[in-house]
Every structure is written in structure tokens, then in C-alpha cells.
Amino acid sequence: MTHKQSYTLGELAELLDAKLVGDGRCRIDGLGTLSGAGPGQLSFLSNPSYINQLATSKASAVLIEERLSKDFSGNKLITPDPYVCFAHATGLFNNSPKAAPGIHPTATIDSSATIGEAVTVGANVVIDANASVGNGSFIGAGSYIGESASLGAGCHLYSGVTLYHRVSLGVNVIIHSGSIIGADGFGFAFDGEKSVKIHQLGSVVIGDDVEIGAGTTIDRGAIEDTIIEQGVKIDNQVQIAHNCRVGAHTIICGCAAIAGSVNIGKYCIMGGGSGAVGHITIVDKVQVSAMSLVSKSISEPGMYSSGTLHMKTSLWKRNIVRFQQLDSIAKRLKELELSTDKT
Amino acid sequence: MTHKQSYTLGELAELLDAKLVGDGRCRIDGLGTLSGAGPGQLSFLSNPSYINQLATSKASAVLIEERLSKDFSGNKLITPDPYVCFAHATGLFNNSPKAAPGIHPTATIDSSATIGEAVTVGANVVIDANASVGNGSFIGAGSYIGESASLGAGCHLYSGVTLYHRVSLGVNVIIHSGSIIGADGFGFAFDGEKSVKIHQLGSVVIGDDVEIGAGTTIDRGAIEDTIIEQGVKIDNQVQIAHNCRVGAHTIICGCAAIAGSVNIGKYCIMGGGSGAVGHITIVDKVQVSAMSLVSKSISEPGMYSSGTLHMKTSLWKRNIVRFQQLDSIAKRLKELELSTDKT
Amino acid sequence: MTHKQSYTLGELAELLDAKLVGDGRCRIDGLGTLSGAGPGQLSFLSNPSYINQLATSKASAVLIEERLSKDFSGNKLITPDPYVCFAHATGLFNNSPKAAPGIHPTATIDSSATIGEAVTVGANVVIDANASVGNGSFIGAGSYIGESASLGAGCHLYSGVTLYHRVSLGVNVIIHSGSIIGADGFGFAFDGEKSVKIHQLGSVVIGDDVEIGAGTTIDRGAIEDTIIEQGVKIDNQVQIAHNCRVGAHTIICGCAAIAGSVNIGKYCIMGGGSGAVGHITIVDKVQVSAMSLVSKSISEPGMYSSGTLHMKTSLWKRNIVRFQQLDSIAKRLKELELSTDKT
Chain A
0 MTHKQSYTLG ELAELLDAKL VGDGRCRIDG LGTLSGAGPG QLSFLSNPSY
50 INQLATSKAS AVLIEERLSK DFSGNKLITP DPYVCFAHAT GLFNNSPKAA
100 PGIHPTATID SSATIGEAVT VGANVVIDAN ASVGNGSFIG AGSYIGESAS
150 LGAGCHLYSG VTLYHRVSLG VNVIIHSGSI IGADGFGFAF DGEKSVKIHQ
200 LGSVVIGDDV EIGAGTTIDR GAIEDTIIEQ GVKIDNQVQI AHNCRVGAHT
250 IICGCAAIAG SVNIGKYCIM GGGSGAVGHI TIVDKVQVSA MSLVSKSISE
300 PGMYSSGTLH MKTSLWKRNI VRFQQLDSIA KRLKELELST DKT
Chain B
0 MTHKQSYTLG ELAELLDAKL VGDGRCRIDG LGTLSGAGPG QLSFLSNPSY
50 INQLATSKAS AVLIEERLSK DFSGNKLITP DPYVCFAHAT GLFNNSPKAA
100 PGIHPTATID SSATIGEAVT VGANVVIDAN ASVGNGSFIG AGSYIGESAS
150 LGAGCHLYSG VTLYHRVSLG VNVIIHSGSI IGADGFGFAF DGEKSVKIHQ
200 LGSVVIGDDV EIGAGTTIDR GAIEDTIIEQ GVKIDNQVQI AHNCRVGAHT
250 IICGCAAIAG SVNIGKYCIM GGGSGAVGHI TIVDKVQVSA MSLVSKSISE
300 PGMYSSGTLH MKTSLWKRNI VRFQQLDSIA KRLKELELST DKT
Chain C
0 MTHKQSYTLG ELAELLDAKL VGDGRCRIDG LGTLSGAGPG QLSFLSNPSY
50 INQLATSKAS AVLIEERLSK DFSGNKLITP DPYVCFAHAT GLFNNSPKAA
100 PGIHPTATID SSATIGEAVT VGANVVIDAN ASVGNGSFIG AGSYIGESAS
150 LGAGCHLYSG VTLYHRVSLG VNVIIHSGSI IGADGFGFAF DGEKSVKIHQ
200 LGSVVIGDDV EIGAGTTIDR GAIEDTIIEQ GVKIDNQVQI AHNCRVGAHT
250 IICGCAAIAG SVNIGKYCIM GGGSGAVGHI TIVDKVQVSA MSLVSKSISE
300 PGMYSSGTLH MKTSLWKRNI VRFQQLDSIA KRLKELELST DKT
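Top line first, the protein sequences correspond to chains A, B and C.
Residues 0 to 342 (numbering that gives the first Met the number 0) are what the first sequence spells out, left to right.
Residues 0 to 342 (numbering that gives the first Met the number 0) are what the second sequence spells out, left to right.
Residues 0 to 342 (numbering that gives the first Met the number 0) are what the third sequence spells out, left to right.
Chain A extracted, bound-state conformation (with noise of 0.2 Å):
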């Protein structure tokens, strides 16, 4: 892995707005965990228990709360936060293809588009009638911007994106591969003998700075819209289903499936393979851990939970029969405590 950048370690202290101690002059051409780097990296202590990595770790420099910079005797940038310090390093160390800006010439844009300055449309891509991109946004190769679409400025789609018709974007707003924005909500009237498609006269409404991975699905709402607020951290795989709306800077981890019309708060996590079952709402600032199920609304802050720990399949065997009378054991034992109480 090469890097393309590399600072001094005054010039690293300037833009990451650190305190330097030690070496300005060191070169930093990379960045890696405490254990993992070696000579020219900058590293970072952000969980105190990895504090003993300090004395062997190879890195040329490391981001380091005050209190703790004591126990470093190498060069180091004193900041309040290591870790958010260090995620903006990766930007100054963003080694990821940079494309001029230009409308590649395979590319089929409809003339009733609008597209902005140093825009970057990639090959193959397709845009639509009376679609608008926003100043500055990139559209990686053979992506598909539907009808009416908008995007706002400063987006990213990378290759193989797709955003069906009236789907809006905000500004700088980030979505991976394969990721389809604004497919038809899952809504079937049952006849009696079939079920009969409800169309879905919504769309998707996606705010300002959100970041959706690779091959993630977003449903249009039956009738109004589903959202997604700003700053909201998508993964990859994710389902949202119809109507849902999804609250500011909620972040929603790999392979989560939230049903249709639940309304999830702001600062939430949706941990990995989670799920929601439809038409709940969800407060603020709840975090659900990885595969749990939330089946019913959830109206306190908090961590929760379901499901059973792995164990050897051996063993869960005879547990799960036991589950299955779990209501006759709670029962049994009931009448035992009273039938010992009597005695």
C-alpha cells in the first residue's frame, strides 16, 4: 500500500490543529495502529487500555491526550480527541483516485438535465429527464439517475449506483457501489386470491453529509416519503424500508433490515444484521446490539437486546429444547415455591 502524501510532522500539528511535541521536522508519509506501524507512520492512542503499546509501538509519532502523553517518550501531537484526530488525518492521507472533473463521452444525459460546475460524470452512466446534479458531485461508472432525480453539491456516487425518479439527495452526500436509492416500497392489498400491488407514489428524501455503503436498499414511500436525516452513517446491505424515517446522525451497521413505516431517533446505532419489525417508533439515542430484533417500540434511551449467546451446538441442542417449555418450567416452578410454602 503506497500512500501518495507525505507531511512533516509540524506541517501534520498545523492541519490537524495538534500540539507538537518532539521533531517537527520528522517526515510522515503514513498512518497505522500502535502495533502495526513502523518507521514514517503516525500513529494514536485513543482506548487507554492499548497504553502499553506505547513503549514498543515503531510508529515516528503518535496523537495523544495530554494526560496520557506522559507514558510516550517519542514525538507526539497532544489533541483532546486521538481518534476523531486521527480520522481526519485519513483525509490528509486519502489515497483513493481523484478524477478530473468532465462528462465522460459514453455517457447518455438527457438534455432536459441540469448538470453543474466541475461536475464529474463517469462512463456508461445514465441520467435522466429534468435530473439535476449539484456543483462539484462525481458519479462513478454506470450509474443511474432516474427522472426528476436531484443531487445536491459536493456528492459522491461510486460505481453502479442507482437512484430511481424524484429520489433527492442533500450535499455531500456519500453512496458505494451497487446501492439502489428510491425502488418501490414492499405494499400488497390482499384480494382474497392475490395480492394487488399498491404503487408507490412516494419517494426518498436523503439529507446533508449522509454516507450509505455498498449495496444498501432504500424504498420510496407509499404515499409520503421516506427519510433520511443528515449526517446519518449507512452500512453496507442495509434495508430501509417504506415510509421509514430515519433521525440525524443515526448510524446503521451492516445487514440491518428496518420494516416498513418505523421511525428511528437521532444519535441511535442499529447494530450489525439487526432489525426492526414495522410501524414503531424508536427514541433517541438507543442502540441496539448486533442481530436483535426491536419488536415493539422503544420509548427510553439505552442498550438493547436479544437473542442467546453461541455455544457448543451440543449444548444448545439440549437448551433449546428446554426453551420451547420454558412457560411450563416458569409454571412448575411456581407451584413448586407455593407447595413448599404450604409445607
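Just so you know, these hints were derived from the structure itself, not from any lab.
Keep in mind that a hint or two might mislead.
Note that identical chains are pooled: a pair holds if it fits in a single copy or bridges any two copies.
[As the list claims (entries may be wrong)] Okay, derived cross-link-like pairs now, SDA-like style, lysine to any residue, Cα gap no bigger than 20 Å in a straight line:
1. 193 with 265
2. 97 with 196
3. 311 with 321
4. 330 with 340
5. 57 with 70
6. 311 with 282
7. 311 with 323
8. 265 with 192
9. 97 with 173
10. 333 with 321
11. 284 with 300
12. 333 with 323
13. 295 with 260
14. 316 with 327
15. 284 with 301
Just so it is clear, the structure is predicted and the values come from calculations on it, not from any experiment.
Since the structure of chain A is already known, use the hints to place chains B and C on it.
Same frame as chain A, now just chains B and C:
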């Protein structure tokens, strides 16, 4: 959200085969829920528990059953099943773009393929040798139709759909973006050292009036075909493995995962995120709840579930430890019952 | 279903390195299960529990172990492992389309990319700067190969595969449609108000002979690379997060979700819909059953499970309520045991 269509209530009564009570000249230009609808919108009462919303609804007219209609003083369309009638109404107000038939100049169509009349082939579509596309079908931008695949009349493939070689679709099949029909089933024979691929020689056959959501995968059979019968509705990110058969009019919700050689009956509902292990049979009219795993065959219609409810993680952590002791708890209880009996 | 190939049983004996017993001139033009095969088809007996199907099978010949071969009076091919031999036979009867090498005129290939000999590049493929494609590789229609990505010899990418920049594939790697390798890992640092992106500077390295199903996502590492070792087989819609390492010859079934920095050993099997929380290690030869969550490291080979069996929802509802009381039930039982002891 702007709807393109506008009707008088009298026209709607006729189009929806409903009985008009009220002002037939009332203009309706959209749909809404009882609580969300505004003037000019048609709403519906399907679930009697919403009956108290009738009084305050701002809808200009309501689809309602005869027996409940006295509770609403405004304009109404009387119909035996307001929800089904509402579904038909969404078709009248369907505001998704309509493309004029025609082959986009950037499409790559093998000369041996057969394209019916009034077919729309979008930009960058690829249609391989001997494939056939029925009359009136729509193939969205960037879709790929493999060798000898066939689509019946009136199919609608959104952009970026993939049909592998020899996959067969009936008439009026809808497939949303990113779905992949006919990839290899996951079959390997372990030779003691490595996995030897079992080439998948079957295909996938999809019946009439099937709808498939976005990002769903249905694998081709190992020897025989994977079969999806008529009227089945499949949501987003569903995985159906090789050699499955899904019976007519069954509904499979988002993120469900069906392992290989599962035989699902007719009129079943597989809940969101549910699963089924391989080589089992599920009879007609079974409903499996969200994130439940069907771990052996089900021979009786009805509702089935697995898993646990969500709870505060602090309580959950205590309970899951006990779950690991459940067999022992049950045995100790039995022992205590015996010893107490003896007493 | 028509197979393109036809062999005499004598030819097959030689090609499959099996011992012929019976009529070597017998014509075989397809494969089938014991119960499904008809005349002209070759079947196999691998699981002895199917031995009673031998008598009624209409197969023209059967792959069978020496020790069981006396139970079948028809033509047979004797082999030590009939299932592995059957897998090889599927290769002989493989009926998927073969494309002639060549670059489709609609492909967009950067002039700095290196394309090997006898490579097939399908319609609308995009290959970015400095990418390289090994000899004999196949790149299906609409696939995207990012900057500096590399494919070894003999790779097969079906249509619509996405490789991000710098992703590296070994030789003979198969990737099905819609899979996305190298999207950003899901990493953010929370600054008290919003999530700050941690740019993902690593990549993904995939070993030789790996097969990846449809709609699977494997994320690039944060600093170091995500690694999939040789011979790993991954099914559809699997999610592998950043910084994971999957050991050689491990099998990951459909819809499994592996969180970040998980280290999975060699020869493991992750069941369908299973999951693993982040930052854990799973040793070699661990099998995790369907929809089970691995919630901490596993240091001993063997089979592991979590979750509960499905049951009638009416029974389940009573049991899950008791599950929420399980810790209390266990404590009450303990108390009762103590009090009864005292008695």
C-alpha cells in the same frame, strides 16, 4: 410530491367500481392516509381501529365499507374491501415515468435475440444470443439479459437487473434494480483438501405476475430448476438458494434467506429477515415471523416464530447466561419436584 | 434443460478416473439425482441413506463406492468418493455459455491498463488506469475495474461486478454478478456532534481459487488490507467488513455478516445468515450454524450455535415472556433448592 393525474370523484367511482355517496364533481388529485390527507385527496378506512380518525380527516373523500359508512359525513366511495380498492387507486395515480417504446442506440443486442413489439430497451442494456423479450416489456438502463434467457410479455425490469443464461420469466413480471436471477447455486464437494465446484446445470423459472424487489438474488438449480410460481411477491435483498420451489402467491419479505432445496407452499408469508434451513418443506399458508429461523419442515398451516424479544441489554445479559444453563435448570426443577413429592 | 455434451460411459470412466463396470458404450448426455435421473443420465450415491433408491432409479449409470456397488445391478462407475466425482462430472456437462476472447467495442479501457492474452472483456466494461487483467480472464458486461486493481490469470467476473481501486485478485477467482469488492469500510469517529469519516486507506486481497457469489460485499481495510485466503468459497449477499481475514478453504454461506477485524481460521463453515461481532478470532475448523451469532472469540474447533428453534407463535409468545424472567427463574430455583435442602 406532485401527482400527474386528476379525476372527479364520479370518475373514480366508476374506475374503481365503487358506490358514490356525495359530490361526484369533487376533484381528486392524490391519495393520503386518513391523518395525512389534505383537501383534494382520497383516503381509505380499512382497519376499523382508525375509525375515530374519520371525524378529523381533511380528505375530500374516503373509501369505506358500507357498514362503517354512516360514521363519515363527507364524500365517500363505498366498496366491500377499501384496502384493495385503495391499491387499485394507487394504479390510477401512479406517477412513475412512462418511457416510449424503442431501442436505445447504446443497447447491445445480439442479432440472434428476439425482441417483441412495443418493447423498451434502455441505454447500455446488453441482450445476449438467443434471448427473447415479449411484447410490451420494458428493460431498464444497464440491465443484462443472458444467453437464451426469456421474458414474457409485459415484463418490467428496472435499471441494472441481471438475468443469467436460460433464466425464464413469465408474463407481467416486475424486477427491481440490482436483482440477480440465475447466478450459480452454492454447491461444492469437499475432497479432503479443497472444495470442488459443482457446476450448476439447472436454471430459474419465474411464473406470471411475480414481483421481485431490489438487490434480491435467486440462484439457478444444480441439476433441475429453481422455481418461483405465479403471483409470488419478493421484497428487497432476499436470497433464494438453488433448487428451491416457492408456491404461488407466497410473500417473502425483505432480507429473508432461504437455503437450498427448500419447498415453500402457496399463500405463505416469510417475515422480514426470516430464514429456512436447507432441504425442508413448508406447507401452504404458513406465516413465519420476522427474523425467525425455520429449522425443520412445517407440516401444519399457521404462525411460527423463533428467537427472543428485545430487552434492556443489562437484563438480557443476565438472561442469556441462564439460557446456557437451561437444560440444567430444567433437570434441577424435575429433581426438586420429585424430592418434594417424596416429602 | 438441454446439455450440450454427450459421452460414452467408457469415456466418462477415463475422464473421471473411475472404474467402469457395465456397458462402456452406453451414451450419457446428462446428470441427475437417483430419483430424478432418466435414461441417458448418470447419477451418484454419496449418502448411504439413499441406498434404497438404487433399485428404482432410472439412471443409465451410477457413480458409487466399491463397498456399496453390489447393491446396484446396472452400469456403474466405481470411485472412492462419488460426490467429488460427481462434482467433476458437472464440469464435463457444464452448459454455461462460452464466450470467444476479445474486447467488446463498447468497453472503455484506460490506455495505461494491462490486458493479458486471450482475455474476454464484455460490453460496457470499464477498466480504469493502471489496472491489470491476467491471461484468459473473463470480465462480464458492465463490470467495473477500478484504478490499479489487478486480476490474476483465469479469473471469471460475471456481469456487473465492481472492483474498487487497488483490489487484488489471485488466479482463477470467480465472482458473480453484483458483488462489490473494496468499498470503504464503515469507520467513523464521533466528535460529540457528528460522525467524522475515517478514510479507508487499505485494500482487499483475494487469494487463488476463491469463488464469490452474487450481491456480496467485501470492504477495504482501514489501514491494512482485508484478506480472503485461497480456496475460500463465499455465497450470495455475504457482508465481510474491513480488516477481516478469512482463512484458506473456509466456506461462508448466504447472507452471513462478518463485522470488522474478525479473524476466521481455515476450513471453517459459517452457516447461512450467521454473524460474527467485531474484533474476535475464530480458530480453524469451526462450524457455525444457520443464523447463529458468534459473540466472542472461539478458541476450540467444533460446532457452535445460538438462537432458538421455531415453534407455533402461540407457544413461542408464552416462552419468550419467560425468557425475560429467566434469571429470576434460576434464582428462585436456587432458593427453593436451598430451602428444600434445609427441610
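Against the structure, the hints:
1. Within a single copy, residue 193 and residue 265 get their C-alpha atoms only as close as 39 Å, which misses the 20 Å cut-off; across copies the closest is 11 Å, which meets it.
2. In this assembly of identical chains, the alpha carbons of residue 97 and residue 196 lie at most 20 Å apart only when taken from different copies (17 Å versus 44 Å within one copy).
3. With identical chains, the CA atoms of residue 311 and residue 321 are at most 20 Å apart both within one copy (16 Å) and between copies (15 Å).
4. Taking identical chains as interchangeable, the C-alpha atoms of residue 330 and residue 340 lie at most 20 Å apart whether they share a chain (15 Å) or sit on different chains (16 Å).
5. For the identical chains of this complex, residue 57 and residue 70 are intra-copy neighbours only, at 15 Å inside a copy versus 68 Å across copies, given an alpha-carbon limit of 20 Å.
6. Taking the shortest Cα distances, residue 311 and residue 282 sit within 20 Å of each other only across copies (14 Å), while inside one copy they are farther apart (36 Å).
7. With identical chains, the CA atoms of residue 311 and residue 323 are at most 20 Å apart both within one copy (19 Å) and between copies (10 Å).
8. For the homomeric pair residue 265 and residue 192, the shortest alpha-carbon distance between copies (11 Å) is at most 20 Å, but the shortest distance inside one copy (41 Å) is not.
9. In this assembly of identical chains, residue 97 and residue 173 lie within 20 Å of each other by CA distance solely inside one copy; the values are 15 Å within and 29 Å between copies.
10. In this homomeric assembly, residue 333 and residue 321 come within 20 Å of each other (Cα to Cα) both inside a single copy, at 17 Å, and across copies, at 12 Å.
11. For the identical chains of this complex, residue 284 and residue 300 are intra-copy neighbours only, at 5 Å inside a copy versus 38 Å across copies, given an alpha-carbon limit of 20 Å.
12. With identical chains, the CA atoms of residue 333 and residue 323 are at most 20 Å apart both within one copy (18 Å) and between copies (16 Å).
13. In this assembly of identical chains, residue 295 and residue 260 lie within 20 Å of each other by CA distance solely inside one copy; the values are 13 Å within and 32 Å between copies.
14. For the homomeric pair residue 316 and residue 327, the shortest alpha-carbon distances inside one copy (18 Å) and between copies (12 Å) are both at most 20 Å.
15. Taking the shortest Cα distances, residue 284 and residue 301 sit within 20 Å of each other inside one copy (7 Å), while across copies they are farther apart (37 Å).
Consistency note: the structure conflicts with none of the earlier hints.
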